[in-house]
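Trainee: Chains A and B are the protein sequences, given in the same order.
Take the first sequence: its letters are residues 1401 to 1857, numbered as in the numbering used here.
Take the second sequence: its letters are residues 81 to 315, numbered as in the numbering used here.
Worth flagging that the hints you see were computed from the coordinates, not collected in a lab.
Be careful, since some hints might not be right.
[To be verified] In silico DSS-like cross-links for lysine-lysine, where the CA-CA straight-line distance does not exceed 25 Å:
1) B:291 <-> A:1847
2) A:1667 <-> B:107
3) B:246 <-> B:166
4) A:1704 <-> B:107
5) B:291 <-> A:1704
6) B:166 <-> A:1750
7) A:1692 <-> B:166
8) A:1584 <-> A:1417
9) B:107 <-> B:85
10) A:1669 <-> B:107
11) A:1409 <-> A:1679
12) B:85 <-> A:1704
13) A:1669 <-> A:1704
14) A:1837 <-> A:1692
15) B:247 <-> A:1750
16) B:174 <-> A:1750
17) A:1750 <-> B:107
18) A:1587 <-> A:1417
19) A:1692 <-> B:172
20) A:1543 <-> A:1584
21) B:246 <-> B:219
22) B:166 <-> A:1679
23) B:219 <-> A:1750
24) B:174 <-> A:1692
25) A:1679 <-> B:172
26) A:1704 <-> B:172
27) A:1679 <-> A:1667
28) B:302 <-> A:1750
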Amino acid sequence: MNNIQRFFKRYVHSSVKLFCFFILINIVLFVVLAVVSSSRGSHSPTHLLEQVSADLQQSGESYRLSEDTATQMTKENSWCMLISNDTGDVVWNYKIPSELPLHYTPGDIAEMTRWYLEDYPVFVSNQSYGLLVVGYPQDSFWKLSAYKTSDSIKIDIFGLVTLFLLNIIIVLILFIHNNRKIEKSIKPILTGIEEISSGKKTQLVERGELAEINAKLNKVAKTLQRRDRARANWISGISHDIRTPLSMVLGYSSSLEESRDLNTEQKEKIVAIRQQATKIKQLIEDLNLTSKLEYDMQPLRTEKISPVELARQVVCDFLDSGLDESFSIDFQSDEESELHYMLGDEALLKRAITNLLQNSIGHNPNGCAITISVDCTDGHTEIIVADNGVGVSADKLQELNTKTHYLESTDEKLNLRHGLGVLLVRQIVEAHSGTMKIESALNCGYKTTLIFDIGIG
Amino acid sequence: MGTIKNKIILLVDDEPAILQMCQSILKENGFENIVTANTALNALERMSAKPDMAVLDVMLPDMDGFMLAKTIREQNPIPILFLTAKGEIDDKSKGFEAGADDYMVKPFIAQEFVWRITAILRRTYKESEESSFLLDACKVDLEQAEVYREGQEPVSLTAKEVEILKKLYANAGRIVTLGALCQTVCGDIYIGYEKTLMSHIRHIREKIEEKPSSPVSLVTVKGIGYKLILKDKSR
């Protein structure tokens, strides 16, 4: 879920950045355009006016243009004249069109400054020696004239800024809306993928623009589920089929064990057969249950249970089934814990404790003292199974805590020594949202702590 | 004891080897009257032998074991023990819904099989027969609620004490947890009742033990529960 949110956040960020970049580029381009347009200076009338005024040389009554300026003016097909400020007469000209008059009234001058002179676009510069006029061919220039009241200008500027901001806001709204839409249609897909990858069941709605993708994901999920189910069923089937022959082995050997006609040696052999058959029984039960938990095929049957009584019943079963004298089980609990209930699956929790006890017994063939204690405080249940036996080395402990079990491992190197029992305990604890802690040192015993936070009262 | 061992037990399983094994285990443990069947139809025919309890497999070739249980109980409401390779909780709940008195999953240990059958038979047929038993120091009659010692006046038991002894006797030789005992004495809410239970136990010991301070018949399993040890060593 977090990943998905992060993805969309990043997407929005990058899009906003892109948008800003886009606006910036536009501004830069605009500026560049303006600069380029105004840099066509050599052709601009103002520039020509300046050039002419700087270039114009007076010699007595007459004026003369330099060769360069004259060439340029010829190229541009432009002309120029100098009107005397005193008389309004044209005192000098260069290639003035013949139809133009040589005398101008102040009214003519006012008009030409603003508009055209006989449709010739003209540009005017007032110099000390007279009014310099540069003209261009007809239709070569547009002369615009704009005037506004200052209030109207204010409104215009305000309007422009508002328009600009409004545009940005509209674009942003559209963008966010679009983004939402995409997020809405993609989110279920991403959630679905996440669920599939964590092995959960998933079913997407096959509707909308992405229906096809959803349908394909559903298909993948179904295939995976079917495969998991097939594997769990296969294990379940095998363990079922083993039960009948194993019944014979276990039944007869345990019955023979009671027989009085056997000598000590024969009895020992029978006991060994019975013990090993019991181990196989335990193993197939663990295998079956663990595969069911793994593939979520064993729903928790949660009910209100007393952890103290539950642990007692497990110990009771062990003591009743004839525990070897080299083992002792000490049960510890306090009065407060006895008053305590928790929510849990009784059968599974019993199984977990049974496995821990069996683990201690199995790993200490020379016997050991096992302590099982149940401690409940404020909705917190701690079940500890500890022994004073051989324990495990630090390396092995590390392995137990971190390495995946061979049932869950996908690489070629199988660590087959890793017991099924511990994996099952871990699965059961995790199914109850609890935690499991293993502490041990070589020859200093082995201690497993199960912690649950689902207590009541 | 003897009368329970005379009860007729109907064993139904499609696997002849299992049938034979169960039969031999039961015979070794003193059960003489055993009827076997390998199909449901066969089992219904054997009902003419008037069995006192039935041990049924669930997967039979011609009928589901749960159905068979219902059919049998319609004819004659005898106790039923399922003995099956189907160990799922769902199967168990189906079994108990079908009216099972107990449910055992294969593979099993011979002793457990015998215990469970004995317990079911005792539960079902106790009133008429099994209300008294011998302990190391005395004889207890639960029906009369009295304890008899040689050369002494009978001592009477209170109702609660009888309840506790009944529970312990039904599981004689095995531990009964504190929780289970409290439940027997005061119903569902057993928690917090342990001190009262301990005083009941003390009183019972005073009545049945030679030396109440070092009990041999009603022994404590520290922190777990209590166990009743009968004088009769047959179990």
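Trainee: State for each hint whether it applies.
Mentor: These are the hints, each one checked on the structure:
1. B:291 <-> A:1847: violated (39 Å)
2. A:1667 <-> B:107: holds (20 Å)
3. B:246 <-> B:166: violated (32 Å)
4. A:1704 <-> B:107: Cα-Cα ~42 Å, so violated.
5. B:291 <-> A:1704: Given that 25 Å is the threshold and the Cα spacing comes to 40 Å, the pair is violated.
6. B:166 <-> A:1750: holds (19 Å)
7. A:1692 <-> B:166: holds (14 Å)
8. A:1584 <-> A:1417: holds (22 Å)
9. B:107 <-> B:85: Holds - the C-alpha atoms of residue 85 of chain B and residue 107 of chain B are around 9 Å apart, at most 25 Å.
10. A:1669 <-> B:107: holds (23 Å)
11. A:1409 <-> A:1679: Distance of about 55 Å is beyond 25 Å: violated.
12. B:85 <-> A:1704: violated (39 Å)
13. A:1669 <-> A:1704: violated (44 Å)
14. A:1837 <-> A:1692: Between residue 1837 of chain A and residue 1692 of chain A the Cα gap is close to 23 Å, so the pair holds against 25 Å.
15. B:247 <-> A:1750: holds (22 Å)
16. B:174 <-> A:1750: Status holds; Cα separation ~21 Å.
17. A:1750 <-> B:107: violated (33 Å)
18. A:1587 <-> A:1417: Distance of about 23 Å is within 25 Å: holds.
19. A:1692 <-> B:172: It holds: about 17 Å lies between the C-alpha atoms, which stays within 25 Å.
20. A:1543 <-> A:1584: violated (56 Å)
21. B:246 <-> B:219: holds (14 Å)
22. B:166 <-> A:1679: Roughly 18 Å between the alpha carbons, so the hint for residue 166 of chain B and residue 1679 of chain A holds.
23. B:219 <-> A:1750: The hint is violated at about 37 Å.
24. B:174 <-> A:1692: Given pair residue 174 of chain B, residue 1692 of chain A holds - Cα atoms ~19 Å apart, limit 25 Å.
25. A:1679 <-> B:172: At roughly 23 Å apart (the allowed maximum being 25 Å), residue 172 of chain B and residue 1679 of chain A satisfy the hint.
26. A:1704 <-> B:172: This hinted pair holds, its Cα atoms lying about 20 Å apart.
27. A:1679 <-> A:1667: holds (18 Å)
28. B:302 <-> A:1750: holds (20 Å)
In summary, the numbered hints that this structure violates are 1, 3, 4, 5, 11, 12, 13, 17, 20, 23.
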